[in-house]
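Asker: Here are the chains, one letter per residue:
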Amino acid sequence: MKSASTRALIALALGGVLTLGAFLGTFFWAGVPDFGFVRTAGRAESVRYQGPFKQEVAEARYLQNYVGYRAEVETDGDIVQGTITEASDDAVTLDADGDSVTIDAADVTSAIVSGSTYGRPDWGQKIFYFHVPVAEISFIVFAVAAFYSLRFIMTRRRQYDQKARVAMEVTLTFIMLTMATGILWTRAAWGVWWEWEPRLTTYFIMTLLVIAYFVLRNSVEDEERRALYAAAFSILGFIDAPISFFITRLIPSNHPVIERGGLETPMLVSFIVAQIGMLLVGYAIYQLRMGEMKLTDRIEHAKTLLEG
Amino acid sequence: MDPTLKEVYSLVLTQWPLVAAAYALLWVGLMAYIGFALKRMNGLGKQVEVLEAALARRGKAE
Amino acid sequence: MASLSGRQFRAMVKKDIVMELRTKEMIMSMGLYSLLTMVVYFVALSQTGSNFDPRDIAAGLLWLAFIFTSMLGLNRSLVHEKDQGCLEALLLSPVDRPVIFFAKVIGNLIFLLAVEALTIPVFGFLFLQGSSLDIGSMALVPLIMFAGSVGIAGVGTLLATMSVNTSGKDFVLPVLFIPLMYPLLLGAVSATAAAITGGPDAMGGFWIGMAWVVGYDVIMLLASYGLYEFIVGA
Numbered sequence: 001m002k003s004a005s006t007r008a009l010i011a012l013a014l015g016g017v018l019t020l021g022a023f024l025g026t027f028f029w030a031g032v033p034d035f036g037f038v039r040t041a042g043r044a045e046s047v048r049y050q051g052p053f054k055q056e057v058a059e060a061r062y063l064q065n066y067v068g069y070r071a072e073v074e075t076d077g078d079i080v081q082g083t084i085t086e087a088s089d090d091a092v093t094l095d096a097d098g099d100s101v102t103i104d105a106a107d108v109t110s111a112i113v114s115g116s117t118y119g120r121p122d123w124g125q126k127i128f129y130f131h132v133p134v135a136e137i138s139f140i141v142f143a144v145a146a147f148y149s150l151r152f153i154m155t156r157r158r159q160y161d162q163k164a165r166v167a168m169e170v171t172l173t174f175i176m177l178t179m180a181t182g183i184l185w186t187r188a189a190w191g192v193w194w195e196w197e198p199r200l201t202t203y204f205i206m207t208l209l210v211i212a213y214f215v216l217r218n219s220v221e222d223e224e225r226r227a228l229y230a231a232a233f234s235i236l237g238f239i240d241a242p243i244s245f246f247i248t249r250l251i252p253s254n255h256p257v258i259e260r261g262g263l264e265t266p267m268l269v270s271f272i273v274a275q276i277g278m279l280l281v282g283y284a285i286y287q288l289r290m291g292e293m294k295l296t297d298r299i300e301h302a303k304t305l306l307e308g
Numbered sequence: 001m002d003p004t005l006k007e008v009y010s011l012v013l014t015q016w017p018l019v020a021a022a023y024a025l026l027w028v029g030l031m032a033y034i035g036f037a038l039k040r041m042n043g044l045g046k047q048v049e050v051l052e053a054a055l056a057r058r059g060k061a062e
Numbered sequence: 001m002a003s004l005s006g007r008q009f010r011a012m013v014k015k016d017i018v019m020e021l022r023t024k025e026m027i028m029s030m031g032l033y034s035l036l037t038m039v040v041y042f043v044a045l046s047q048t049g050s051n052f053d054p055r056d057i058a059a060g061l062l063w064l065a066f067i068f069t070s071m072l073g074l075n076r077s078l079v080h081e082k083d084q085g086c087l088e089a090l091l092l093s094p095v096d097r098p099v100i101f102f103a104k105v106i107g108n109l110i111f112l113l114a115v116e117a118l119t120i121p122v123f124g125f126l127f128l129q130g131s132s133l134d135i136g137s138m139a140l141v142p143l144i145m146f147a148g149s150v151g152i153a154g155v156g157t158l159l160a161t162m163s164v165n166t167s168g169k170d171f172v173l174p175v176l177f178i179p180l181m182y183p184l185l186l187g188a189v190s191a192t193a194a195a196i197t198g199g200p201d202a203m204g205g206f207w208i209g210m211a212w213v214v215g216y217d218v219i220m221l222l223a224s225y226g227l228y229e230f231i232v233g234a
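For the record, the sequence lines run as chains A, B and C.
Under this note's numbering, the first residue of the first sequence is numbered 1, with each subsequent residue one higher.
Under this note's numbering, the first residue of the second sequence is numbered 1, with each subsequent residue one higher.
Under this note's numbering, the first residue of the third sequence is numbered 1, with each subsequent residue one higher.
Be a bit skeptical, because a hint or two may be false.
With a Cα cut of at most 30 angstroms, we get these calculated DSSO-like pairs of lysine-lysine [what the hints assert, rightly or not]:
{"id": "1", "chain 1": "C", "residue 1": "82", "chain 2": "C", "residue 2": "15"}
{"id": "2", "chain 1": "A", "residue 1": "294", "chain 2": "B", "residue 2": "39"}
{"id": "3", "chain 1": "A", "residue 1": "303", "chain 2": "B", "residue 2": "60"}
{"id": "4", "chain 1": "B", "residue 1": "46", "chain 2": "A", "residue 2": "303"}
{"id": "5", "chain 1": "A", "residue 1": "294", "chain 2": "B", "residue 2": "60"}
Some chain A residues judged to face chain C by a derived CB distance under 7 angstroms, without partners named [unchecked claim]:
{"id": "6", "residue": "153"}
{"id": "7", "residue": "189"}
{"id": "8", "residue": "190"}
{"id": "9", "residue": "209"}
{"id": "10", "residue": "215"}
{"id": "11", "residue": "219"}
{"id": "12", "residue": "228"}
{"id": "13", "residue": "236"}
Derived contacts from chain A toward chain C, CB cut-off under 8 angstroms, selection only [unchecked claim]:
{"id": "14", "residue": "79"}
{"id": "15", "residue": "80"}
{"id": "16", "residue": "82"}
{"id": "17", "residue": "205"}
{"id": "18", "residue": "214"}
{"id": "19", "residue": "216"}
{"id": "20", "residue": "225"}
{"id": "21", "residue": "232"}
{"id": "22", "residue": "246"}
{"id": "23", "residue": "251"}
Keep in mind the hints are simulated off the structure, nothing from the lab.
Every residue, glycine too, gets a C-beta built ideally from N, C-alpha and C.
Please model the complete structure; the sequences and the hints are all you need to start from.
Answerer: Written out as C-alpha cells, the structure is:
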C-alpha cells in the first residue's frame, strides 16, 4: 500500500518544480500590465513613457491641479510661458525663466498645460497568476468530491466516502487560499477588502457549504448514516459551484473574466504552468491525505487483531 | 526616488505589500498543510510498523 | 398502483393536517414567531429617518421572516415524526419512499403558505401603511410566495430529515439550509421587490426573478426527491 504516498510524493515534487517555475516566471519574466495612465510634470527614463501631453484648461481655478507643470497662460493677447509654482482661486504664479510672474485668475482667458504621460503599472495583477489556478482547483476538487459522493450513494462502499471526504478537505484548503489571495487582490484593485458582488457572494456561499459539510459530518455519530448524509449534502451543495463559476459571464459583475487572447505570451505561459503545477499540488495533497486514511485503517485493523 | 517615477509607481507602492502578503499566505498555507500531513504520515507509518511487527511475532508464536 | 399511491399520499397529508388541527402547535408557534420577527423589525427600523421608504426593503424583510419561520416549522414537523416513531412506522409500511417525500413536502408547504398568508397582511398593516402601492403588481406577490415556498419546503424537508438525526438539531439545520437557499432567496427577493415597487419597468425584473426561482425549484426538488430515498432509510 505504498502507492498512494509514492504517487503523492511524485506529484508533490513535479508540482513543486512547476509552481516554483511559474512563480519565477510571474515575477521575472511576465511583464506588468498598465492600469490606465498617470500624468506627471517632469520626465524620467521609464519604459512606461507614452509621450508628452498638452491640455487646454478651461477655467483658471483648475490650474491648482497642475502645480509644477509647464503652462502657457494667455491674458488679453499677452502670453506667459513658465512653470506653475503657486495657484489659488484668485491668482496663479508662474516661474518664467527665473522671473516670478503673478496673474489674477480673472485675467486668464485661456491656458494650456503640458507634461508627460506614463502607463500606470498594475502590480496587483501579479496575484492573478496563482489566485485563479487555486480557485479553479477548488472547483475541480469540489466536483471530484461530488462525484465520489454520488458513487458512494450508488455503491455504499466505504472507500468512496473516504475519497469524498478527503476531496472535500482539499476543497476547503483551496477555497481558503482563494479567499485569502482574493481578498488581498480586491483591496489592491478595487480599494476595498470585500464587496457583495455576484462572484464573491456565490463563492462565499460555497465556502459556507463546504464548512457546513464538516459541521454535518461532526454531528452524526452513526458511521453509515454520517456517510450518507454527507454524500447527499455535498451533491446538493455542488449545485452552487457551477452558478459561482459562470455567474460572472451571466450577470454584470466587477470581477474580471479571462478572455481568449487577452494575455501576452510570457504571462500566458506563467499562468498555464501555475495551473498545471497547482493541479499537481492539489492531487498530491489529496493522495497524501488518502495515504494517511489508509494508514489509519491499517492501524485500526492491526489493533483489533491484536486485541482479538 | 525620482519624483516623477514616484508618481508613476504610486500604485505599485501601495500594492506591493498586498501582493507580498498574498503570496506569503499562499506558500505558508500550502507548505504548513503539506508539512503537517507528511509529519503525521511519518508518525502513522512508524506505528503501523510496530503494530504489524507485533502481529507477525504473535503469528509465529502461535 | 397509481390510485394506491394517490390514496396513501392523501392519507399522509390528511394525517398531518388532522394532527395540526388538533394541536394547532405548528401554526401557533410559526405564527407567533413571525409576529415576534415583526417586533424585531420594528426595533431595527425605529431609528431610520423620515425619508426612509419601507418599500425598498419590504421584500427582503418578508423573506427573512419566511426563511426563519420555515426553519422552525420544518424542525418541528420532523421532530414530531421522529419522537412519536411515526417515520419508522411509515418506513415499515408498504409505502413508496417518493410518496412519503412528497406528502411531507406538501404538508410543510401547506403550513408554510398558511403562515405566509397570515404574515403578509400583518406586515403590510405594520410597515407599509401610507406607501402608495400598485394593486395590479401586488397581485403577483402570492405567485412568487408560492414558487419560493415550494423550494423551501422541498429542500427543507430533506435537510430537516437529516438534521433531526444529528446531535445538534437546532444548530445544524440553519447551517445546512441557509447557504443552500441563497440562490432561491436572491431570485425571490428581487421578484418580490419588483412586485412591491410596481410600474411597467418592474415586470421584466419580476419574471427574471420568477424564472430563477422556478428553475431552482425544479433542480432542487428533483435532487431532493432523488436523494430522499437514501436519506430516510439510513
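Asker: Would you mind marking each hint as holding or not holding in the structure?
Answerer: Going through the hints against the structure:
| no. | hint | result |
| --- | --- | --- |
| 1 | C/82 <-> C/15 | holds (15 angstroms) |
| 2 | A/294 <-> B/39 | holds (15 angstroms) |
| 3 | A/303 <-> B/60 | holds (17 angstroms) |
| 4 | B/46 <-> A/303 | holds (14 angstroms) |
| 5 | A/294 <-> B/60 | holds (25 angstroms) |
| 6 | 153 | holds (5 angstroms) |
| 7 | 189 | violated (25 angstroms) |
| 8 | 190 | violated (22 angstroms) |
| 9 | 209 | holds (5 angstroms) |
| 10 | 215 | holds (5 angstroms) |
| 11 | 219 | holds (4 angstroms) |
| 12 | 228 | holds (5 angstroms) |
| 13 | 236 | holds (6 angstroms) |
| 14 | 79 | violated (53 angstroms) |
| 15 | 80 | violated (51 angstroms) |
| 16 | 82 | violated (51 angstroms) |
| 17 | 205 | holds (5 angstroms) |
| 18 | 214 | violated (10 angstroms) |
| 19 | 216 | holds (6 angstroms) |
| 20 | 225 | holds (4 angstroms) |
| 21 | 232 | holds (4 angstroms) |
| 22 | 246 | violated (12 angstroms) |
| 23 | 251 | violated (10 angstroms) |
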